[in-house]
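When you get a sec, could you build the whole thing from the sequences and use the hints?
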Amino acid sequence: MLTHTIRTHRVFAALILAAGCIASLLILTSSSSTGAKSVDFAAVRSKIAILRTGSPDSAMASAASAALGMTIAPDHTALAVGSTLSGEAHSTVQRLLVAASDTHVCLVDRESPAAGNRGGGGLCRPSEQALSGDQPLLGWVAVGDSPDHLRFLGLFEDGTTNVHLTDATDQTIDLPVINNTVGALIKDSPKSVSWTDSTGTPHSYVFPNNADDGPPPPAAGS
Amino acid sequence: MIGLVGSASAISLLLVAAALAYTHQWSGTAGTSVRIYDLTGQTYNPWQHMRAAASSNGGSVSQTCVKGIRQSGTVYQFSCVSGNGAIAYGCRSDAGNTLAYMYWEGTGSTGSMDGKANTDYIC
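Residue numbers (the working numbering), protein chains in the order written: chain W, 1 to 222; chain R, 223 to 345.
There could be a bad hint or two in this list.
Claimed, not checked - Label-pair ranges, simulated between beta-carbon atoms:
1) R:G318 to W:A219: 17 to 27 angstroms
2) R:L242 to W:G159: 41 to 51 angstroms
3) R:Q264 to W:S194: 41 to 51 angstroms
4) W:S62 to R:Q264: 21 to 31 angstroms
5) W:D188 to R:G280: 42 to 52 angstroms
6) W:T201 to R:Q264: 49 to 59 angstroms
7) R:T341 to W:T161: 34 to 44 angstroms
8) R:P268 to W:I178: 34 to 44 angstroms
9) W:P215 to R:G281: 20 to 30 angstroms
10) R:T329 to W:D170: 36 to 46 angstroms
If you are wondering where the hints come from, they were derived from the structure by calculation, not from laboratory data.
Given the structure is predicted, the values throughout are model-derived calculations rather than measurements.
Don't be surprised by glycine CBs; every beta carbon is placed ideally from N, CA and C.
Right, dumping it as structure tokens:
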């Protein structure tokens, strides 16, 4: 009788211990997957292989963090150095870099440090949305030493080809894809962009009408 | 001695420049394509960096822009980006004294926007 009672208690203890272990595992799994979602860029990494192979660039991290008002850790920067821009219309060379904060994926346009402060910028989107659906990461930023031009930036999924940009004058520009990025000098806001994904499916995106016609600015203040 | 004085002067100038640098942050709610001006202080400023983000109430954002306009009416685009949840930023050193503004385009009755402008070139 006594032996049976001890055995029963041992079985209960074992069951309780096993249940505790399972519960702990479930909690750990749940918390780690939640945490991983915000820092591992799983959705984006599955679409951009280069994000797995980048090297840190602390200078870019510092500049991008200040400009964005969010922290870009050194080990999330310079994930790729992509397309460069140069030519007669522009006196400097830009580098397009893919970077990331804990929550966003960014495309950063930086001039070579020797070029001085003449223009630059970029864009970020939440990592879950950065390349979702039919819209890649697209933006157009200032060109400081060429007031009549803008720099068009784009970040596409792996395997993207045939990127064509149509500008405001209906001219079509062919853009080579380098490390998932494209860059071009354009004279005005872009009209549309088209591309072919890794499966051979064509896509296009028409930019919203840049209807910047709000009310006039108020009178100058002191 | 002259070198020391020169270095001290250079450092002083840098300190003064750093002290003079300033930032405006502004926000607002508006419909699509409606400018939200920075009216938080002195209107026209030597901005060299601007940043903006938008969120639509009941819809989605397709484009977010941040720009500066001179008193003459000349507009200097700092950055425009496409996509919901996107953050736009840009730097330029040729805009002169401008009034910063931002706007968004997309669907939804109104959109909430946050903007920031800085006299430092921090891109």
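* Satisfaction of the hinted span 34 to 44 angstroms by the C-beta atoms belonging to P268 of chain R and I178 of chain W -> Between P268 of chain R and I178 of chain W, where Cβ atoms are some 35 angstroms apart, the hint holds.
* Consistency of beta-carbon spacing, T161 of chain W to T341 of chain R, with hint 34 to 44 angstroms -> holds, 42 angstroms
* Asked: Taking the beta carbons of T201 of chain W and Q264 of chain R, is their distance inside 49 to 59 angstroms?
  -> Taking Cβ atoms as reference, T201 of chain W and Q264 of chain R lie about 51 angstroms apart, which means the hint holds.
* Honestly, do D188 of chain W and G280 of chain R meet the 42 to 52 angstroms range at C-beta? -> About 31 angstroms separates the Cβ atoms of D188 of chain W and G280 of chain R, which means 42 to 52 angstroms is violated.
* Asked: Between S62 of chain W and Q264 of chain R, does the beta-carbon spacing fit 21 to 31 angstroms?
  -> holds, 28 angstroms
* Asked: Given a hinted range of 41 to 51 angstroms, is it respected by the beta-carbon distance of L242 of chain R and G159 of chain W?
  -> holds, 49 angstroms
* With respect to the beta-carbon atoms only, verify the hint that T329 of chain R and D170 of chain W lie 36 to 46 angstroms apart. => violated, 26 angstroms
* Asked: So the hint says 17 to 27 angstroms: do the beta-carbon atoms of G318 of chain R and A219 of chain W match that?
  -> holds, 18 angstroms
* Satisfaction of the hinted span 20 to 30 angstroms by the C-beta atoms belonging to P215 of chain W and G281 of chain R -> holds, 22 angstroms
* Take the C-beta atom of Q264 of chain R and the C-beta atom of S194 of chain W, compute their distance, and say whether it sits inside 41 to 51 angstroms. => The hint (41 to 51 angstroms, Cβ to Cβ) holds, given that Q264 of chain R and S194 of chain W are roughly 44 angstroms apart.
In summary, the structure is inconsistent with hints 5, 10 from the numbered list given earlier, while agreeing with the others.
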